[in-house]
Amino acid sequence: MALLEVDDLHVSFDTPDGLVQAVRGLTFSVERGKTLAIVGESGSGKSVSTQTITKLTRGARVSGRAIFEGEDLLTASPDHLRRVRGAKIGMIFQDPLSSLHPYYRVGWQIVEMIRAHDHSTSRRTARKRAAELLGLVGIPRPAERLDDYPHQFSGGMRQRVMIAMAMALNPVLLIADEPTTALDVTVQAQVLGVMRDLQEDFGTAIILITHDLGVVAEMSDDVVVMYAGTAMEQASRRDIFYRHHHPYTEGLLRSLPAHGGGKGRLIPIAGSPPSLINLPSGCPFAPRCPYAWDKCFRETPPLDEVFDEPGHRSACWLPHDWEGRQACEPRTETIDREETA
Amino acid sequence: MIRFLIRRVALGVLVMWLITVAVFGLFFVAPNNVARTLAGRQATPATIHLIEHRLGLDLPLWKQYTNFVGNALHGDLGFDYYHGVPVTQIIGQALPITLSLAIGAAVIWLLLGVFSGVLSAVRPRTFSDRSTTALALFFYSMPSFLLALLFLYFLYFRLTKAGFAIFPAGGYSGLTAGVGEWARHLILPWVALALLLAATYTRLTRGSMLDVLGEDYIRTARSKGLRERRVVLRHGLRSALTPVVTQFGIDLGQLVGGVVVTETVFSLPGLGKTAIDAINTQDLPVIIGIVIFASAAVVVANILVDIMYAVLDPRVRLH
Ligand SMILES: Nc1ncnc2c1ncn2[C@@H]1O[C@H](COP(=O)(O)OP(=O)(O)OP(=O)(O)O)[C@@H](O)[C@H]1O
Ligand code: SF4
Ligand SMILES: [Mg+2]
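Protein chains in written order, with this note's numbering: chain A, -17 to 323; chain B, 62 to 380.
Simulated from the structure, these hints should not be mistaken for lab results. One or more hints might be untrue.
As the list claims (entries may be wrong) - Okay, derived cross-link-like pairs now, SDA-like style, lysine to any residue, Cα gap no bigger than 25 Å in a straight line:
no., chain 1, residue 1, chain 2, residue 2
1, A, 16, A, 311
2, A, 37, B, 113
3, A, 70, A, 106
4, A, 37, B, 357
5, A, 37, B, 150
6, A, 37, B, 295
Given the sequences, and given the hints that come with them, work out the whole structure.
As structure tokens, this is what we get:
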């Protein structure tokens, strides 16, 4: 059984404009010690879905299951949830500046985390552990820096502090929500390196959320491609890069610089994602899809296994066999919904 | 930070200087017969002349001003001819009463305002939030004398008539006569004043707390597995208090200079009531003394607020 199994997750928000369906029937699982990358454009529901797993989305309507070590976190008691947060699931967020409390010293913040879960740890022991952790994530003179405030660290160093804190209790799962987006390229590589080293040493599973296919290529074992709150394609990293089925995945890869695999950032595909209020039926990608035909606008494709590869799923009406899929030709221009309606 | 504080103190000195110039201009230079006013209604010409000489009104204007400021700097705010004592003594007698009133009320309104503000923010848009907001608005928009009078009517007059003489009609009982009596005399004015001000603090705390609870570091605190109470108080309230402290310093600074309405209604001879009495009897030295003292209190409170800012926020402290 996988470490975490998210099943048919729905998350929506009541807003003055209507019900925003941020996550619509998302299913994925994370194996112990492995890295699952979640990719997708801005607003596709990556943060909402992963934060809902530990119930950090406030004021949301949630349904579905998130089975973690055999227990559904979505229906778990607040007490159980609290024991899981931090101790079993560590979290890192996108913006390292705003994610640490500006009024408390970083050492204090790490010690607080350790002692929240094990009150028998003395302050002194926890502090020693905090210094160790800062050293582990590559912060020079860790013992001295414990007494510094977050604003006294650079962006990259702050993110290392976040990682140190998230890893303080050796969680079995680390959820890293775009941990390097706010950092420049060299620092990005260093921070990712720190995460990978920790994973090797402690066997932590990672959910890595990113816009960046370069990061996916470097870090992940499996990939979920998200669009408009749901999974478009799920596969191993190899299959996503070399044997993808879904036109959206194809679009993401096309927008990489030539020679693939490089460090390029995502250039958005023509058009923009649909509004998550009153989503029409049919494939959500259809208005931007170069393969779309009238069926795509009428019927929503299920997430089905493709190419007879276990674990490789795609939500697309194109043929599910390799030859059939290869034979499909994209149009050079996308069609408007109006034309087909 | 040190340089910032030096700037703030310098600015405070400048403000105080401007106030002395204004006071001097209004009361000494303006074409009225100060000596005559000071001497009281039935003064003989000889007294008036003596006062003119004592005040140095026969000296050149600049000399008069430097004397005035020089004396004030030495803690000499002039002589009250009406009561026959130095003005500082008048202030010295009234100040403990105003301080008792202001500080006691401050404790109540802070606790009340911050507590209800936090509760509202933690459960926004619920019934308890809305009723707190409505109640806060009710007291906020109530004229201060009205609340004080209602207190007197119901809690003193009606209660005493019904045979429960719990609260006195007013007046002050010094701490030397016992803490119990002191508090018994102050409880109504405390609550009357606190309710008015608590409303501001409820709204301020609620708004500031709602902002803070939406911050990323609050999500981090939750993701660490902390108890919700700790998240709200240790992480949320800690940040949300900054604007509250600012408001508190400003309010307290103002009150220390005299709480005119509350003191008058409850016949507490504090600075506010003393000032009103002085105005009614045209007791100019006392008016001037209280104006200068009250201004100084506001200026000092503002500087203290800035220091508190630095104490509260390490980002300010370390720059
Ligand atoms: N509290 C909320 N209330 C209303 N709508 C929300 C709320 N939180 C998120 N959303 C909406 O849910 C959708 C998904 O947001 P989410 O933050 O998960 O996207 P994302 O994939 O993480 O994007 P990004 O890459 O920009 O971080 C967005 O359309 C967002 O506007
Ligand atoms: S279902 Fe149709 S519109 Fe959607 S991705 Fe597949 S081909 Fe494109
Ligand atoms: Mg996000």
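Status of the hints after comparison with the structure:
1. A/16 <-> A/311: Not satisfied, since the Cα-Cα distance of roughly 35 Å exceeds 25 Å.
2. A/37 <-> B/113: violated, 79 Å
3. A/70 <-> A/106: Cα-Cα ~23 Å, so holds.
4. A/37 <-> B/357: violated, 52 Å
5. A/37 <-> B/150: Violated, because 64 Å separates the two Cα atoms, which is more than 25 Å.
6. A/37 <-> B/295: With Cα atoms ~21 Å apart, residue 37 of chain A and residue 295 of chain B stay inside 25 Å; holds.
Figure legend: structure checked against the earlier numbered hints; hints not met, in rising order: 1, 2, 4 and 5.
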